[in-house]
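A.B. asks: Listed below, chain by chain, are the residues.
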Amino acid sequence: MQQKKGYVSFVLHAHLPFIHHPESDDYLEESWLFEAISETYIPLLLNFQKLVEEKVDFRITMSMTPPLLNMLDNKLLQKKYINYLDKLIELSKKEIERTAGDARLNELSKYYFDRYSNDLHVFKDVYKCNIIQGFKHFQDIGVLEIITCGATHGYFPILYVNEKTVKAQIAVGVQTYEKYFGRKPRGIWLPECGYVPEADKYLKEFGIDYIITESHGILYADPTPIYGTFAPIVSPEGVIAFGRDIESSRQVWSSINGYPGDFNYREFYRDIGYEADYDYIKPYIAHNGVRVHTGIKYYRITGKTEQKDYYNIQWAKDSAEMQAGHFLDSRNAQINHLADAMENPPFILCPYDAELYGHWWYEGPYWLYVLFKKVYYDDCNFQLITPSEYIDKYPEMQVCSPCRSSWGANGYSEVWLNPTNDYVHRHLHVAGDRMCELAYLFPNETGLKKDALNQCARELLLAQSSDWLFIITNGTMVDYAKKRIKDHIGRFTKLYNQIKKDEIDEEFLKDISEKDCIFPDIDYMLYY
Amino acid sequence: MPRKTKDSEIVDVSKKKTVAKKATTKKVDTKKKTTIAKKATVKKKADSKAEKKASVAKKTTAKKVTKTATKKTTATKKAVAKKTTATKKSTTKKITTSKPKKVVEEKVENTVSSTVVTNNLEYYDLPYRYNQTIVKVLAQTPTNLFIYWDISDADRENFKKQFGDNFFETTRPILKIYNDTMHYDFEVEINDFANSWYLQVNDSKCDYRVELARRPIYNNSNISQDYIYISSSNEIESPNDRILFNVDEKMVYFRNVKTNKTFTKSFANLSFIRNMGKIYNIYDLYKKIYNDGDLDDIYNPSSRFF
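Going line by line, the protein sequences match chains A and B.
Under this note's numbering, the first residue of the first sequence carries the number 80, and numbering increases by one thereafter.
Under this note's numbering, the first residue of the second sequence carries the number 17, and numbering increases by one thereafter.
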């Protein structure tokens, strides 16, 4: 066996914006959560479980954002997820009948039937409808480190013109984490990896040790970090920053030659929601009759062609195994190259959106499982580690100020501030200032006024979610994102005026408190 | 022309700010002369650049359909931006390009100003303005600033009282940008139809702040000065955009995060540094990927559900 000369750290960022519509079943956006549970979160949990059962010692880090945790813990959404699965199971049963004449398709429809039936079993029977417990379990046994995120994924480099709003994002992120995981988080995934040094003091105040940054957050730091992204740095205020490794990130998600593009992998865009006979599929698509993804997909990527071949589960697994081997070899070579030149063993940070694994890259969770097994059993020169463990082992690090940066296109704020969405910021800033004004004017209130003030804080936080700005830039589901900004700013402003006039409309407050029920324990005095 | 809003919101805080900041006006006056002298040359440049930028801007909006398309146009934009910066170096540390931003897209929606709630059916629109005197600056990139502003009705009235009813017709609005790190400033002419602006600056990793002001265009016997301060922005630091390579310092500072003890190491004792070739290799690799790679490959795919 080779001597261990370095470390690789996987960090998966699990996040969805808070989408909760008790008033209607017509919001397609609610199904993002259900797809993510079935395609990403449950597969990850099942693979972690398999590794534990096979006694493979592995390490992985995941950020689970406060909106995601609130949704996973929401009774109505849990019920809706079960309905979603019931429908899919019903559809896959019909599919087994419909495809009886085609052995290959029939095998796949049986696979989907089994898979969705198992999801239902795991969700209801194993996790009692709350999969947060599943992740907590793996953290408690020491293979998974869970870190937190900003309260609603608010983008710090734009919010920080009112620092209290950044402080509140951090505070609520930490409080939510403590509620669900029973301890304090050591790390935070800064929303969109958006780093500003002004946030450091608040990160320290709430006990955060480390952050995850984009590569140039480290490489453009001041002074230049002598070990590049291969060692963490510590900011003058004491926040430790880990930077994304360029080479390994690229191998996984490059749109051109990244692993997910393998021809044997499942084709995301060919879904029976779009292809099956309309009358047949109608009960399983959107309520208004619009065709959407169902989750049942029969084709593999095949090549740069529209003539797609059927998906073959075994071939896909073979590709995942081959690619896991390639990743392992590449890290071996990378660490061999680096190790001699460094004082401490090199640290390779591999951060990704969790939903890349499973949702977009269907075989991603299996790939991780195979890779982790290989790292444990194969001849390799590195170990898996969490950022916290690395800090504890190698606490001496260079003092540098990380560079203001994000992981969005071009590395700064263009995704969240451009001509398509810049009109939003003045409203977010004014609402942030007004929230502070309210806390200042009405400190330590009780009763109805306190409820109204807390709801104001929730509306502000929901409006600040970076997702709405991202969606507007991206050009998909724009109407929904714009509506969410208007709704939260609108509700906030209305309540703000009512509180100031001391004319709180109880009915209205009750209505929006049910809809926007994120952070039940929030305390508006955060803005004082 | 300034627009009045149905929304009569006034935030006292901003007013105070405006008054407090007026003290800085004097400082401005001293710098004024040099600014004017340079203005003529700069303005020409700015005009030609504004044209160029406009064509780029068109492309960008036209192609928002796919992610790849957007990124490619961004690349083009960058290329143009680089060119312009290069040509400019010979002149001054002055404004390079400025691009007016159309008055808020949400205008139409603001015809309805109030909230309608019927049977729990809600409908909201963003207010057109908040009727506060404010200037805010944000860094979009290391060399692009975004500035938005407004002047409250009360302040507008005050200016009219002080300088005559035709104050806004006989003056033109400007933004004065201060680079407090490199100690220079420049100004951009804006217009009364805009309420925000993108502005390209030459220097990354610098502190910037912006003043909203007006200069007379016609003879107005009520106005004796040629710079009328309106309001001042927050100060921001634009991000860094390059490897600093300040490794020629003799010592490197380390901290043990467990004990909080800071200590120094001499470069000579660091194996990585002794082998300088390697550090440059890593950065060269990084630069290489960034320059000739497809940008799609470099940045996070943001592989979400949307």
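Derived from the structure by calculation, the hints contain no laboratory data.
Where hints are given, some of them may not hold.
Here are the simulated DSS-like pairs of lysine-lysine, each with C-alpha atoms no more than 30 angstroms apart in a straight line [as the list claims (entries may be wrong)]:
#1 B:Lys277 x A:Lys83
#2 A:Lys562 x A:Lys589
#3 A:Lys215 x A:Lys129
#4 A:Lys529 x A:Lys280
#5 A:Lys280 x B:Lys277
#6 B:Lys277 x A:Lys258
Negatives, chain B to chain A, calculated, CB over 10 angstroms [stated by the list, open to error]:
#7 Phe175
#8 Thr186
#9 Glu253
For glycine and all other residues, C-beta sits at the position ideal for the given N, C-alpha and C.
A.B. asks: Checking the smallest CB distance to chain A, is B:Thr186 really beyond 10 angstroms?
C.D. replies: Non-interface label stands for B:Thr186: nearest chain A Cβ at 28 angstroms, farther than 10 angstroms.
A.B. asks: For the pair supplied as a hint, A:Lys280 and B:Lys277, is the alpha-carbon distance within the 30 angstroms limit?
C.D. replies: holds, 19 angstroms
A.B. asks: Between the alpha carbons of B:Lys277 and A:Lys258, is the straight-line distance 30 angstroms or under?
C.D. replies: violated, 33 angstroms
A.B. asks: Check the hint pairing B:Lys277 with A:Lys83 against an upper bound of 30 angstroms on the C-alpha distance.
C.D. replies: At roughly 28 angstroms apart (the allowed maximum being 30 angstroms), A:Lys83 and B:Lys277 satisfy the hint.
A.B. asks: Per the stated criterion, does the least C-beta distance between B:Phe175 and chain A lie above 10 angstroms, as a non-interface residue requires?
C.D. replies: holds, 22 angstroms
A.B. asks: Does the claim that B:Glu253 lies off the interface hold, with its Cβ farther than 10 angstroms from every Cβ of chain A?
C.D. replies: The claim is violated: B:Glu253 sits with its nearest Cβ about 7 angstroms from chain A, within 10 angstroms.
A.B. asks: Hint check: A:Lys562 vs A:Lys589, CA-CA at most 30 angstroms. Holds or violated?
C.D. replies: holds, 20 angstroms
A.B. asks: Decide if the proposed pair is consistent with the structure: A:Lys215 and A:Lys129, CA atoms, cutoff 30 angstroms inclusive.
C.D. replies: holds, 16 angstroms
A.B. asks: Need the status of pair A:Lys529, A:Lys280: alpha-carbon distance at most 30 angstroms?
C.D. replies: Cα-Cα ~28 angstroms, so holds.
The structure fails to meet hints 6 and 9 from the earlier list, while all remaining hints are met.
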